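**Student:** Sequence:
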Amino acid sequence: MYHVCQPVPCLSSCVRSGGGAGQSGLHSLRSGPLPGCVCIWTGVLLGGRRRRKARRFTKSSLQQTEASRVTMPLPIPVIQVACGSSHSLALTKGGDVFSWGLNSHGQLGLGKEVPLQLVPDLVCALVGVAVTQISAGASHTLFLTLPGLVYCCGANQSGQLGLNRVDEKGRFNICMVPALRPLGVSFISCGEAHSAVLTQEGEVFTFGEGSCGQLGHDSSADEVTPRLVDRLDGSASQISCGRRHTLVLGTSGQLWAFGNGSKGQMGTGRPEDSLTPTLVQLPWTTDSAAAVPTDLQISAGWNTNFTFTLPTQSVDRGQITGRLDEAKLQKWLLMRHGNAEAKREISSMFLTSSSLVASFTKSAGPPSAADVLSVDLDAAARAFDLLLATPWIKQHVQFNYLLELLFASRTALKSPEILLVLLTCRLFQEDSSVMTVVLPLAIIIADLQEKTLEILRRKWSSLKPATLMRHIVVFRKALAFMLRNGLLATHNPGVKYLLEVLKLLYKANKTGKSYKVPLSTFYVDEICTNVNAFQDVPLWTQFKTEDDDDNRPAIFCRYPFLLPLVYKAAAFNIFASIVKEAERIAYRMASGCPETLPLAVSESAAPVFQLTLRRTHLVEDTFRQLAAADHCAFKRELLVLFADDRKLMNVNKRDFFLHVFEDLTAPESDMIMYNESNTLAWFPPKPKVEEKTYFLFGVLCGLALYNHNIIHMPFPLVLFKKLLKVKPSLDDMKEFEPVMAESWRCMLDYTPDEVEAMELPFAMPWGGEDVELDPTEPGKLVTGTNKREFVDACINYAFNKSVEGVFEAFKKGFFKVCDIDVVEFFQPEELQSVTVGQENYDWEVLKQNTVYEGEYHDLHPTIVTFWEVFEDLTAEEKKKFLLFVTGCDRVPFLGMESIKMRVAVLPNSSEIHLPESLTCHCLLLLPMYQRYPVERTMKTRLLRAINHNRGFWKNVDTTE
Numbered sequence: 002m003y004h005v006c007q008p009v010p011c012l013s014s015c016v017r018s019g020g021g022a023g024q025s026g027l028h029s030l031r032s033g034p035l036p037g038c039v040c041i042w043t044g045v046l047l048g049g050r051r052r053r054k055a056r057r058f059t060k061s062s063l064q065q066t067e068a069s070r071v072t073m074p075l076p077i078p079v080i081q082v083a084c085g086s087s088h089s090l091a092l093t094k095g096g097d098v099f100s101w102g103l104n105s106h107g108q109l110g111l112g113k114e115v116p117l118q119l120v121p122d123l124v125c126a127l128v129g130v131a132v133t134q135i136s137a138g139a140s141h142t143l144f145l146t147l148p149g150l151v152y153c154c155g156a157n158q159s160g161q162l163g164l165n166r167v168d169e170k171g172r173f174n175i176c177m178v179p180a181l182r183p184l185g186v187s188f189i190s191c192g193e194a195h196s197a198v199l200t201q202e203g204e205v206f207t208f209g210e211g212s213c214g215q216l217g218h219d220s221s222a223d224e225v226t227p228r229l230v231d232r233l234d235g236s237a238s239q240i241s242c243g244r245r246h247t248l249v250l251g252t253s254g255q256l257w258a259f260g261n262g263s264k265g266q267m268g269t270g271r272p273e274d275s276l277t278p279t280l281v282q283l284p285w286t287t288d289s290a291a292a293v294p295t296d297l298q299i300s301a302g303w304n305t306n307f308t309f310t311l312p313t314q315s316v317d318r319g320q321i322t323g324r325l326d327e328a329k330l331q332k333w334l335l336m337r338h339g340n341a342e343a344k345r346e347i348s349s350m351f352l353t354s355s356s357l358v359a360s361f362t363k364s365a366g367p368p369s370a371a372d373v374l375s376v377d378l379d380a381a382a383r384a385f386d387l388l389l390a391t392p393w394i395k396q397h398v399q400f401n402y403l404l405e406l407l408f409a410s411r412t413a414l415k416s417p418e419i420l421l422v423l424l425t426c427r428l429f430q431e432d433s434s435v436m437t438v439v440l441p442l443a444i445i446i447a448d449l450q451e452k453t454l455e456i457l458r459r460k461w462s463s464l465k466p467a468t469l470m471r472h473i474v475v476f477r478k479a480l481a482f483m484l485r486n487g488l489l490a491t492h493n494p495g496v497k498y499l500l501e502v503l504k505l506l507y508k509a510n511k512t513g514k515s516y517k518v519p520l521s522t523f524y525v526d527e528i529c530t531n532v533n534a535f536q537d538v539p540l541w542t543q544f545k546t547e548d549d550d551d552n553r554p555a556i557f558c559r560y561p562f563l564l565p566l567v568y569k570a571a572a573f574n575i576f577a578s579i580v581k582e583a584e585r586i587a588y589r590m591a592s593g594c595p596e597t598l599p600l601a602v603s604e605s606a607a608p609v610f611q612l613t614l615r616r617t618h619l620v621e622d623t624f625r626q627l628a629a630a631d632h633c634a635f636k637r638e639l640l641v642l643f644a645d646d647r648k649l650m651n652v653n654k655r656d657f658f659l660h661v662f663e664d665l666t667a668p669e670s671d672m673i674m675y676n677e678s679n680t681l682a683w684f685p686p687k688p689k690v691e692e693k694t695y696f697l698f699g700v701l702c703g704l705a706l707y708n709h710n711i712i713h714m715p716f717p718l719v720l721f722k723k724l725l726k727v728k729p730s731l732d733d734m735k736e737f738e739p740v741m742a743e744s745w746r747c748m749l750d751y752t753p754d755e756v757e758a759m760e761l762p763f764a765m766p767w768g769g770e771d772v773e774l775d776p777t778e779p780g781k782l783v784t785g786t787n788k789r790e791f792v793d794a795c796i797n798y799a800f801n802k803s804v805e806g807v808f809e810a811f812k813k814g815f816f817k818v819c820d821i822d823v824v825e826f827f828q829p830e831e832l833q834s835v836t837v838g839q840e841n842y843d844w845e846v847l848k849q850n851t852v853y854e855g856e857y858h859d860l861h862p863t864i865v866t867f868w869e870v871f872e873d874l875t876a877e878e879k880k881k882f883l884l885f886v887t888g889c890d891r892v893p894f895l896g897m898e899s900i901k902m903r904v905a906v907l908p909n910s911s912e913i914h915l916p917e918s919l920t921c922h923c924l925l926l927l928p929m930y931q932r933y934p935v936e937r938t939m940k941t942r943l944l945r946a947i948n949h950n951r952g953f954w955k956n957v958d959t960t961e
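Take any residue in the sequence shown, note its place counting from 1, add 1, and you have its number in the numbering used here.
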């Protein structure tokens, strides 16, 4: 044995030869702790040694004394190999890792289910990870990726995986080493039970077994987390671990050794261990005239060391095949048809997931956190768009093999970034990709491990809106395609996978108080025409509290964020009908078998909820009867009867809701307060009526929505946000008190000095008085440090704290009528729209949608005159006309397009008759006016009709 460095004459010419350059000869050589080795000869994997524990994978003999070819599953050259005591690894030029041998401690990275692997098998957990280096210890393995992250598996009894823990049985699932993330690792090396890493800054960290000082920390203790080797003089350029010793090569040519030296591994001439880095005497360190080799390499074996020179061009670690760069992209784009080489390059780019990830890996080093992307998706989107815009390139972009690989590896994947790269490709938005690409991708995502799925969700949340929208559109268009082509029944499981992925994207879209992309991005219009709401809503009602079952059809109401507003409203109405029908059935059962039900039920149960009201005491009668009613009655069919007119008509409900809310929201009402401009109402901080009145007010609002009636309720959007548990914001104050909100916004932009110069008290005017927002510190002022706190406190007081009691009463009443689960289908803006309607009047649309019956047609003289008269009406008079014809002066949530006015001749009418209407049928009955001047006659009669408003509550002047 040698205790000092000695040259190896027989290897000198071999290592320096052309073959050593890896071009036409020996490419890589790796030996393990036991006799034998695996080498690569021009990309072909060779193996030779005694066949112990299947490491040499020839089944016909017990010994393998000659090199034999190792058959690899992929037609991609192997660029690196590594051997442990009983396992071997191979890294392909495409960045994929294969392992075989004994898996006693999980060192193969194939999971617990594989105790022994006889032939090379793909390490599925690293599919989609651009691996650039592998290293094997006796029974543990490290993997280095292009961005500088380190993954590990295998034995960890001494902490050699760096996970800040020990595992007596080993680590069978590959995981990342968190402590190495911020270091920017550039090289890894494993000893028998210890590990070393080299950073881009030239620092060396070691961890694991330290019994012989192989960690270099002046101690023989084990280290379970990476620790800096701080006694190196200068930066390091290379590291290599032997069994229980470590070599470090400095950038200036110094070589340090530490650890076990019983066989002379320290190179000091003495067979002794070293707990700290010891400088090895080399020719250029002892002879100042000797030049330091520029291509020097080091390698530590079991108990031996080698230093040798190797041409730089032979080291292709980190160069993943198929990796796209700007020069290659421009070269392809300049070709009109493409040559064989370009087509081969394009095919290789899409052959492995690692090559795609490597093509767009950022150059800024490892991501600082798990949810930070290491790939540049903007660059990926640009490259894909350019490639697919070139016809000959698009023909050679094939994802079949890559998707098969991902599909087979889906339950083991550790990094979802390959999925993010793929989803930026617009090819996936085409109908032709739905069944072959998008559906498999949806299954892959749905089957990811919970931890990987959470990483994917966080990465989605971190994307720019434009990129996130691309990903959403892929699955939304796929779902639309399947619905449009009638595939819901035949491909129910596939539809469910798409729904679940869209659900993940929806959750990722919500960041803090807002959404990254508009919620309308998720709406699938095809649901309205291809999903039967009368089947879907009952299924949702039946199973809404249960987990999904593979045998059930897809239930779209489980995914309300996909539903267009028209479908949500239909679902709400169908659900209300189901509840009403349940009440009718309960009544019939009570009527048919009264002896089986409690006395109170059998005597008082009724299939409807009836209000009998006096027009002159509308609010008083309404609240009295609501307070006296059984709460379960609110969910029955509502009937309204007026004391002076005993006819039960549907129009009574419209009249009731119209006028009762006019009275309740009048400026003189004691229940609400108005803003400075008297345009919007809100609950007062000091109400003049009891809280239970607000409960009844909530019941009344719920009854209107439950019975499909639009109401006049001039409350801001924040009311509906609070009903749906959405936190109020500065935008809500901007709607209610825009001047005050704008002053706050400006203050947030002021410098601390400017804020303090204002001497603004930590208080706000509200409800007619100044309110201290911090009672614990009277006289407190707003400063540069608490200005955000001040604005938040103002908003919280105005919309939460000051109205806490009355709002909770209102909310309780509202949800006594409407089921909260189905109300939560809506977004706040949508709930406001279906409850109070809109004010976006488009009278031209009303005219275009009008249908004429009987003698009337669009060119009839009476009709032409009518529209001329209508155009001359004021905006307020037009709204009164809408009320006259439809029973409501506001536009339904579907817009003016949903109003289909019919016009017919008023039977048996003459010049003296006024126009009439049937609001339930949206029918205008218009006499044929002919008295000259016709326009004046028609306008006079029309105004009298719409101002009369059926004369129920107001006395109006009807004289001409």
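Rather than coming from a laboratory, the hints here were simulated on the basis of the structure.
The model shown is predicted, which means the values in this text are computed figures rather than measured ones.
Positions of the beta carbon are idealized from the N, C-alpha and C atoms, including for glycine.
Hints may contain errors.
Stated by the list, open to error - Below, simulated DSS-like cross-link-like pairs (lysine-lysine); rule was C-alpha separation at most 30 Å, straight line:
no.: 1; residue 1: K648; residue 2: K689
no.: 2; residue 1: K788; residue 2: K728
no.: 3; residue 1: K465; residue 2: K478
no.: 4; residue 1: K693; residue 2: K817
no.: 5; residue 1: K497; residue 2: K452
no.: 6; residue 1: K648; residue 2: K728
no.: 7; residue 1: K452; residue 2: K395
no.: 8; residue 1: K648; residue 2: K880
no.: 9; residue 1: K344; residue 2: K329
no.: 10; residue 1: K848; residue 2: K654
no.: 11; residue 1: K802; residue 2: K817
no.: 12; residue 1: K170; residue 2: K363
no.: 13; residue 1: K497; residue 2: K545
no.: 14; residue 1: K735; residue 2: K723
no.: 15; residue 1: K781; residue 2: K812
no.: 16; residue 1: K363; residue 2: K508
no.: 17; residue 1: K687; residue 2: K802
no.: 18; residue 1: K879; residue 2: K511
no.: 19; residue 1: K478; residue 2: K504
no.: 20; residue 1: K879; residue 2: K812
no.: 21; residue 1: K636; residue 2: K879
no.: 22; residue 1: K723; residue 2: K648
no.: 23; residue 1: K817; residue 2: K654
no.: 24; residue 1: K881; residue 2: K848
no.: 25; residue 1: K848; residue 2: K879
Stated by the list, open to error - Here are the simulated distance ranges between beta carbons:
no.: 26; residue 1: T786; residue 2: K901; range: 55 to 63 Å
no.: 27; residue 1: D551; residue 2: F408; range: 17 to 25 Å
no.: 28; residue 1: K687; residue 2: G780; range: 48 to 56 Å
no.: 29; residue 1: D822; residue 2: A876; range: 19 to 27 Å
**Student:** The structure should be examined with respect to each hint, and the outcome stated for every one.
**Tutor:** Hints, verified against the model:
no.: 1; hint: K648 - K689; verdict: violated (36 Å)
no.: 2; hint: K788 - K728; verdict: holds (19 Å)
no.: 3; hint: K465 - K478; verdict: holds (20 Å)
no.: 4; hint: K693 - K817; verdict: holds (13 Å)
no.: 5; hint: K497 - K452; verdict: holds (21 Å)
no.: 6; hint: K648 - K728; verdict: violated (45 Å)
no.: 7; hint: K452 - K395; verdict: violated (35 Å)
no.: 8; hint: K648 - K880; verdict: holds (27 Å)
no.: 9; hint: K344 - K329; verdict: holds (12 Å)
no.: 10; hint: K848 - K654; verdict: holds (27 Å)
no.: 11; hint: K802 - K817; verdict: holds (23 Å)
no.: 12; hint: K170 - K363; verdict: violated (37 Å)
no.: 13; hint: K497 - K545; verdict: holds (16 Å)
no.: 14; hint: K735 - K723; verdict: holds (16 Å)
no.: 15; hint: K781 - K812; verdict: violated (34 Å)
no.: 16; hint: K363 - K508; verdict: holds (26 Å)
no.: 17; hint: K687 - K802; verdict: holds (12 Å)
no.: 18; hint: K879 - K511; verdict: violated (41 Å)
no.: 19; hint: K478 - K504; verdict: holds (14 Å)
no.: 20; hint: K879 - K812; verdict: violated (34 Å)
no.: 21; hint: K636 - K879; verdict: violated (35 Å)
no.: 22; hint: K723 - K648; verdict: violated (39 Å)
no.: 23; hint: K817 - K654; verdict: holds (19 Å)
no.: 24; hint: K881 - K848; verdict: holds (16 Å)
no.: 25; hint: K848 - K879; verdict: holds (12 Å)
no.: 26; hint: T786 - K901: 55 to 63 Å; verdict: holds (59 Å)
no.: 27; hint: D551 - F408: 17 to 25 Å; verdict: holds (19 Å)
no.: 28; hint: K687 - G780: 48 to 56 Å; verdict: violated (23 Å)
no.: 29; hint: D822 - A876: 19 to 27 Å; verdict: violated (39 Å)
In summary, the numbered hints that this structure violates are 1, 6, 7, 12, 15, 18, 20, 21, 22, 28, 29.
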